[in-house]
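So the chains spell out like this:
There are 2 protein chains.
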Amino acid sequence: MRELGRHLIFEFSGCDGVLLNDSKRIEEVLVKAAEKSGMKVVGKASHKFGSQGVTSVIILAESHIVVHTWPEYGYVAIDIFVCGSAAQPMRAYEEVLRAFSPKSVSALEVKRGLIRA
Amino acid sequence: MRELGRHLIFEFSGCDGVLLNDSKRIEEVLVKAAEKSGMKVVGKASHKFGSQGVTSVIILAESHIVVHTWPEYGYVAIDIFVCGSAAQPMRAYEEVLRAFSPKSVSALEVKRGLIRA
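Sequences listed follow chains Y and L, in order.
Each residue of the first sequence is one higher than the one before, starting from 1 at the first, in this note's numbering.
Each residue of the second sequence is one higher than the one before, starting from 1 at the first, in this note's numbering.
Bear in mind the hints are in silico, worked out from the structure with no lab data behind them.
Fair warning: there could be bad hints in the mix.
Since the list can't tell identical chains apart, any single copy or any two copies may satisfy a pair.
[Stated by the list, open to error] List of simulated lysine-lysine pairs, DSS-like, C-alpha gap at most 25 Å: (1) K103 - K40; (2) K32 - K48; (3) K48 - K111; (4) K24 - K111; (5) K44 - K103; (6) K24 - K44; (7) K40 - K111; (8) K103 - K36; (9) K36 - K111; (10) K103 - K24; (11) K36 - K24.
From a predicted model like this one, the values you see are computed outputs, not experimental measurements.
Chain Y on its own, in the form it takes in the complex (with noise of 0.2 Å):
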C-alpha cells in the first residue's frame, strides 16, 4: 500500500494576536514556506473576517496548505496537503511554526488515497 497525498494537521495555541489579523501576511507567510519545502504555488486565496480571524489558502502543484486563524484564542489551524514523493512538508511547517511561534502545538498526519502499489 501507499498514500496519494499527506495531509498533516497542526494545532497552534498561544500565538500572537497581531499576526492572526494579518491576512496579507500570513498569505506570505504561506507562500514562503511552500517555496522553502521545494512547492510550487498554483494559486492562492485569502479572507478577513469583519470581526476577527484570517483564512488563507494556496494551491500548490503538490496540493494544498490553508490555515485559519481565531485571534480572539490565540488559535491557528494549519493543514499541509502534499502529493508526490519530493515535496518536504516538514520544511513548510518549520516555517510557519517560526512565524506563528506557538506556545503548544499538536500534531497529526492522515495518509490520504491508500492505493494497492
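Since the structure of chain Y is provided, determine the placement of chain L on it from the hints.
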C-alpha cells in the same frame, strides 16, 4: 471543552473519471454544497493540473471546503471544515456525495481548536 472547528475528512473511491478532470464543474459542485448547507462563499480558487487532476478550494464564512482529485485512481480527497453551530456540514457532504457518486467512502472527523468552555 468545545471545539472551534469541525473538520470532516472524506475519502471517495470509485468515482467517475470525467468529472474528476472538470475543474469548472467541481467548483460548481462545491458552491452548491456550501449553499445547501447554509454556508456563505467568500472566496475560491481552483487549479487543473496539466496531466490530470483538479484542486478546488472554496473559502466560506464558516471555514472551507477543499477537493483534490486523482482521476487515474477514481479517487477524491474532500475536506469540509466548518466553524459555528449554525453550519450543517453533512448537507454539504450529501451534495458532494451525490455529485461524485463514489463506490466507497471513508470518513473521519477531527475536532479542531479544543478550548475550555
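Structure-inconsistent hints, enumerated in ascending order: Structure breaks hints 1, 4 and 5.
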